[in-house]
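The residues making up each chain are set out below.
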Amino acid sequence: MATITLNVNGEKRTVNVDAGTSLLWVLREHLGLTGTKYSCGKSYCGACTVHMDGTAIRSCTMPASGAEGRSITTIEGLSANGDHPLQKAWIEEQVPQCGYCQSGQIMQAAALLANNKKPSREEIISQMNGVLCRCGTYMRILKAIERASKEM
Amino acid sequence: MKNIITSDTSISRRKFLTAVGGITFAVTAYAMFPKRSTDASSNKGEASSLGNKISAWVHIRPDGRITIYNPAAEMGQGSMTALPVIFAEELDADWSDVHIEFSPIEPKIYGPGAWGGRMMTVGSRAVSGYYESLRQAGAQARYVLMANVAKKWNVPIEELSTEPSVVMHKASNRKMTYGEIAAFATILDNVPKIPDNQLKNPKDFRLIGNQNVPRFDIPAKVNGSAMYATDVRLEGMVYGVISRSPVNGAKPTLLNEDEIKDISGVLAVVKLDHGIGVIANTIEKALEVKQQLQIQWSKDAPAATHNSQEAYEDYAKLVRDDKQKGRSLESKGDANNAIKTATKTYTADYKNDYIYHAQMEPLNAVVSISEDGNSAQVWCGSQAPDSAKSAAARVLGLDESKVTLYPQYLGGGFGRRSNADYVEEAAALAKAIRKPVKLLWTREDDLQYGQFRPICLQHMQAGVDKAGNITGWKYIITGTGDGLLASGAEMLFYTMPNQLIELRSVEHGIRTKHWRAVGHGPNKYAIEAFIDEIAHDQKKDPYKYRQYLMRNHPRALKVLDTAAEMANWGKKLPEGRAMGIAFGERSGSLTAGVCEISLDRSSGKIKVHHIWAAFDGGVVVQPDNAIAQTEGSILMGLSSIFHESITIKNGKVQQSNFHDYPILRMADVPETLEVKIVPSQEAPSGLGEAGLPFIGGAVANAFLALTGKPLRHMPFTPERVLATLKA
Numbered sequence: 001m002a003t004i005t006l007n008v009n010g011e012k013r014t015v016n017v018d019a020g021t022s023l024l025w026v027l028r029e030h031l032g033l034t035g036t037k038y039s040c041g042k043s044y045c046g047a048c049t050v051h052m053d054g055t056a057i058r059s060c061t062m063p064a065s066g067a068e069g070r071s072i073t074t075i076e077g078l079s080a081n082g083d084h085p086l087q088k089a090w091i092e093e094q095v096p097q098c099g100y101c102q103s104g105q106i107m108q109a110a111a112l113l114a115n116n117k118k119p120s121r122e123e124i125i126s127q128m129n130g131v132l133c134r135c136g137t138y139m140r141i142l143k144a145i146e147r148a149s150k151e152m
Numbered sequence: 001m002k003n004i005i006t007s008d009t010s011i012s013r014r015k016f017l018t019a020v021g022g023i024t025f026a027v028t029a030y031a032m033f034p035k036r037s038t039d040a041s042s043n044k045g046e047a048s049s050l051g052n053k054i055s056a057w058v059h060i061r062p063d064g065r066i067t068i069y070n071p072a073a074e075m076g077q078g079s080m081t082a083l084p085v086i087f088a089e090e091l092d093a094d095w096s097d098v099h100i101e102f103s104p105i106e107p108k109i110y111g112p113g114a115w116g117g118r119m120m121t122v123g124s125r126a127v128s129g130y131y132e133s134l135r136q137a138g139a140q141a142r143y144v145l146m147a148n149v150a151k152k153w154n155v156p157i158e159e160l161s162t163e164p165s166v167v168m169h170k171a172s173n174r175k176m177t178y179g180e181i182a183a184f185a186t187i188l189d190n191v192p193k194i195p196d197n198q199l200k201n202p203k204d205f206r207l208i209g210n211q212n213v214p215r216f217d218i219p220a221k222v223n224g225s226a227m228y229a230t231d232v233r234l235e236g237m238v239y240g241v242i243s244r245s246p247v248n249g250a251k252p253t254l255l256n257e258d259e260i261k262d263i264s265g266v267l268a269v270v271k272l273d274h275g276i277g278v279i280a281n282t283i284e285k286a287l288e289v290k291q292q293l294q295i296q297w298s299k300d301a302p303a304a305t306h307n308s309q310e311a312y313e314d315y316a317k318l319v320r321d322d323k324q325k326g327r328s329l330e331s332k333g334d335a336n337n338a339i340k341t342a343t344k345t346y347t348a349d350y351k352n353d354y355i356y357h358a359q360m361e362p363l364n365a366v367v368s369i370s371e372d373g374n375s376a377q378v379w380c381g382s383q384a385p386d387s388a389k390s391a392a393a394r395v396l397g398l399d400e401s402k403v404t405l406y407p408q409y410l411g412g413g414f415g416r417r418s419n420a421d422y423v424e425e426a427a428a429l430a431k432a433i434r435k436p437v438k439l440l441w442t443r444e445d446d447l448q449y450g451q452f453r454p455i456c457l458q459h460m461q462a463g464v465d466k467a468g469n470i471t472g473w474k475y476i477i478t479g480t481g482d483g484l485l486a487s488g489a490e491m492l493f494y495t496m497p498n499q500l501i502e503l504r505s506v507e508h509g510i511r512t513k514h515w516r517a518v519g520h521g522p523n524k525y526a527i528e529a530f531i532d533e534i535a536h537d538q539k540k541d542p543y544k545y546r547q548y549l550m551r552n553h554p555r556a557l558k559v560l561d562t563a564a565e566m567a568n569w570g571k572k573l574p575e576g577r578a579m580g581i582a583f584g585e586r587s588g589s590l591t592a593g594v595c596e597i598s599l600d601r602s603s604g605k606i607k608v609h610h611i612w613a614a615f616d617g618g619v620v621v622q623p624d625n626a627i628a629q630t631e632g633s634i635l636m637g638l639s640s641i642f643h644e645s646i647t648i649k650n651g652k653v654q655q656s657n658f659h660d661y662p663i664l665r666m667a668d669v670p671e672t673l674e675v676k677i678v679p680s681q682e683a684p685s686g687l688g689e690a691g692l693p694f695i696g697g698a699v700a701n702a703f704l705a706l707t708g709k710p711l712r713h714m715p716f717t718p719e720r721v722l723a724t725l726k727a
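Heads up: the sequence lines are chains D and A, in that order. Just so you know, we're using the working numbering here: the first sequence kicks off at 1 and counts up by one. Just so you know, we're using the working numbering here: the second sequence kicks off at 1 and counts up by one.
Simulated from the structure, these hints should not be mistaken for lab results. Bear in mind the structure is a predicted one, so any value in this text is a computation, not a measurement. Hints may be right or wrong, so weigh each one.
One-sided and incomplete, this derived list gives chain D residues near chain A with beta-carbon spacing under 8 Å [unchecked claim]:
(1) Val17
(2) Gly32
(3) Gln102
(4) Ser103
(5) Asn116
(6) Tyr138
Some residues of chain A that are not near chain D, with every Cβ distance over 12 Å (derived) [what the hints assert, rightly or not]:
(7) Ser172
(8) Pro192
(9) His553
Result set (EDC-like, lysine to aspartate or glutamate): computed pairs, CA atoms no more than 16 Å apart in a straight line [said to hold, decoys possible]:
(10) D/Lys42 with A/Glu444
(11) D/Lys42 with A/Glu288
(12) D/Lys88 with D/Glu122
(13) D/Lys143 with A/Glu444
Glycine is no exception: its CB is placed at the ideal position from the N, C-alpha and C atoms.
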């Protein structure tokens with residue numbers, strides 16, 4: 001067992017877990033931040049995307065120990081009241097269907113817009129290509145990112 | 001710990017519900033009022049406000065909040081909003097007052113009148129199945145409110161009318177809000193059936209068909225608070241995983257049981273018919289230990305002899321063997337003779353591989369047995385929560401009335417989640433450990449122990465007359481999965497005098513299941529591609545050729561024409577581009593679409609640039625969501641026709657995760673995807689799947705127009721495309 005202290009959504013959180021436990025399981029099952037989802041466990045699908053020091057990462061393959069001393073942001077901490085421009089745009093465009101991938105989609109998009117306020121469509125696609133949506137909401141995700149980018 | 005669900009008496013099952021079974025949709029008494037939320041705090045104050053439970057479907061609080069109970073699974077298709085919209089329309093509720101909760105799993109009360117009472121959300125049936133009964137129930141609830149006001153003001157009920165969430169008495173210029181009424185309302189002994197002519201005139205609808213009524217579930221799905229079963233966490237909960245048969249039907253023998261049980265953190269090993277379960281104190285421990293199980297599998301499973309890519313050869317023989325007699329799906333005139341005497345005949349075989357649901361949330365469930373062992377609670381995302389509840393009760397040896405199931409959002413269903421296998425497993429683990437247990441399937445489990453849309457070969461023959469019109473149509477479908485292969489084989493909107501359609505199913509011992517649009521995906525592909533091959537050879541425009549086939553079906557024709565118009569069919573395209581058109585129907589809804597493609601002839605990669613689609617789904621309750629469903633169906637369809645293939649060798653699934661079972665990514669979407677609703681006053685039909693069936697044909701037809709070569713095997717992978725170009 002290892003004691004790991006994380007900075008999650010601006011709060012210090014300490015957990016005792018087996019060495020090698022992924023950041024995803026620590027966030028979801030130990031800290032109760034269940035907005036971040038498990039889907040493939042191998043970084044193929046992006047449902048588990050969170051920010052580490054502002055960069056989008058796949059929490060399913062990141063050992064929690066690798067996140068010590070870094071600043072982690074999950075969907076729960078993206079905005080105070082669910083009012084990040086992307087979250088508002090997601091509602092405007094009525095993006096989610098089943099919704100399961102959408103935390104990952106939004107976190108990936110938020111990292112993109114933080115670095116590139118006016119991405120081209122090609123830039124959006126290349127940044128978002130690693131996050132899968134089985135319901136097929138991609139057209140609306142594109143529209144929502146373009147909308148948020150205009151409003152940011 | 002955050003968001004732990006605490007046990008509370010408010011979530012104990014309300015026994016009174018069964019006592020009044022058989023009066024589905026009737027306005028019911030106070031005791032019928034659902035109180036099911038797993039969040040104890042949300043119920044506070046409701047139980048004490050007497051007099052406002054006017055129906056099993058609705059609860060109105062004195063502060064004006066109107067809670068409507070949604071009986072359908074919410075897997076992304078949006079019916080948790082659409083069904084309350086129907087009810088709220090006739091209740092004449094102000095939508096901003098409406099709150100939605102899942103109804104209890106009580107099929108006698110909440111099952112759909114039109115579909116036999118089962119609480120199953122399948123086949124895009126929710127809106128069509130509940131439309132009439134929810135309009136009636138909403139109108140009855142409105143009647144109860146007005147009757148209470150009539151009594152209070154001592155005026156005839158006929159003098160009352162409503163505006164959103166307000167009862168009006170115009171003669172005395174008085175009004176009262178629904179919330180104010182709820183504060184004193186009493187239940188009527190008898191509520192009449194509201195005659196159809198007293199239901200709202202569709203032209204007065206404020207909510208049904210309103211583009212601006214948003215989906216209720218979306219805000220929670222953008223801030224991480226939406227609850228899926230996998231997010232449920234209970235006090236003292238432990239974690240279960242299962243290593244399942246790599247070949248369906250193989251039985252396990254665990255070779256290192258003692259060793260496994262000795263691992264710190266392992267709480268139990270559970271032997272099941274089809275696998276070995278491990279229960280541990282954390283999910284990471286359970287997953288780690290699963291890798292260490294040494295299991296010997298029995299070799300005698302029938303599936304062990306199945307090799308999917310070799311099966312096509314057998315199928316090709318089977319469909320040509322006239323001594324074989326399958327199940328007739330359609331028999332009109334004399335197709336054999338029509339083909340024998342035709343001016344020209346055509347033959348083609350179309351194939352499609354097994355495909356996997358790949359819903360983003362792998363299967364999972366949480367089961368908790370009470371301390372005394374006499375009752376249990378189940379949290380799951382299920383398309384058939386009634387059968388999931390029965391299954392859990394059966395495994396636990398409890399009466400169904402002792403099991404409470406809390407429906408959660410489904411992270412995708414697509415047909416996979418109407419089987420309760422994962423709920424049974426979770427119940428078996430809970431029974432073994434007697435602690436709350438969360439069963440999680442890994443992605444690999446979900447894929448390799450999947451239930452697939454079946455493999456299939458479709459043998460088509462047709463004969464045409466001198467004018468090039470089809471006179472005889474013979475269509476033999478073979479593959480595995482029996483009835484799953486049959487849906488969509490009939491051509492309900494094409495006029496062909498002589499038809500023979502037959503199903504010859506083979507059993508391979510492979511797990512198969514409904515997959516979004518079921519047989520309609522492969523069958524409409526084969527039908528539409530074959531029609532284009534004939535039209536192409538006859539040098540006829542495929543759009544006009546279909547117009548002629550549809551000449552007796554104006555509703556379908558209008559859908560086809562709308563799609564063609566949207567695409568500006570026939571316009572001159574840039575060099576290297578071509579369009580394909582196709583028609584599909586599913587769940588009573590009609591869809592036609594056109595796509596524009598180009599082809600990289602060196603890599604074999606097809607690029608879809610634009611898609612235009614039109615549909616007629618009768619009265620559309622939630623237009624924006626209906627369009628979203630159609631967009632989603634089309635993109636899921638594109639995914640299936642380009643990327644998806646499960647192959648089976650000696651009974652074993654050869655893929656394991658998204659690296660070798662790719663699904664559509666954003667880079668693969670068309671530049672534009674335009675969807676239009678063809679206005680209709682027909683009864684609502686299903687729209688969760690109807691966008692999917694046409695796309696295989698549309699792409700194959702565009703490819704035929706571009707290259708003169710037919711694509712006859714889905715998925716259209718670059719390798720297959722290159723082979724087709726060389727052929």
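Structure-based check of each hint:
no.: 1; hint: Val17; in the structure: 7 Å, holds
no.: 2; hint: Gly32; in the structure: 3 Å, holds
no.: 3; hint: Gln102; in the structure: 5 Å, holds
no.: 4; hint: Ser103; in the structure: 5 Å, holds
no.: 5; hint: Asn116; in the structure: 16 Å, violated
no.: 6; hint: Tyr138; in the structure: 5 Å, holds
no.: 7; hint: Ser172; in the structure: 42 Å, holds
no.: 8; hint: Pro192; in the structure: 38 Å, holds
no.: 9; hint: His553; in the structure: 28 Å, holds
no.: 10; hint: D/Lys42 with A/Glu444; in the structure: 10 Å, holds
no.: 11; hint: D/Lys42 with A/Glu288; in the structure: 15 Å, holds
no.: 12; hint: D/Lys88 with D/Glu122; in the structure: 23 Å, violated
no.: 13; hint: D/Lys143 with A/Glu444; in the structure: 32 Å, violated
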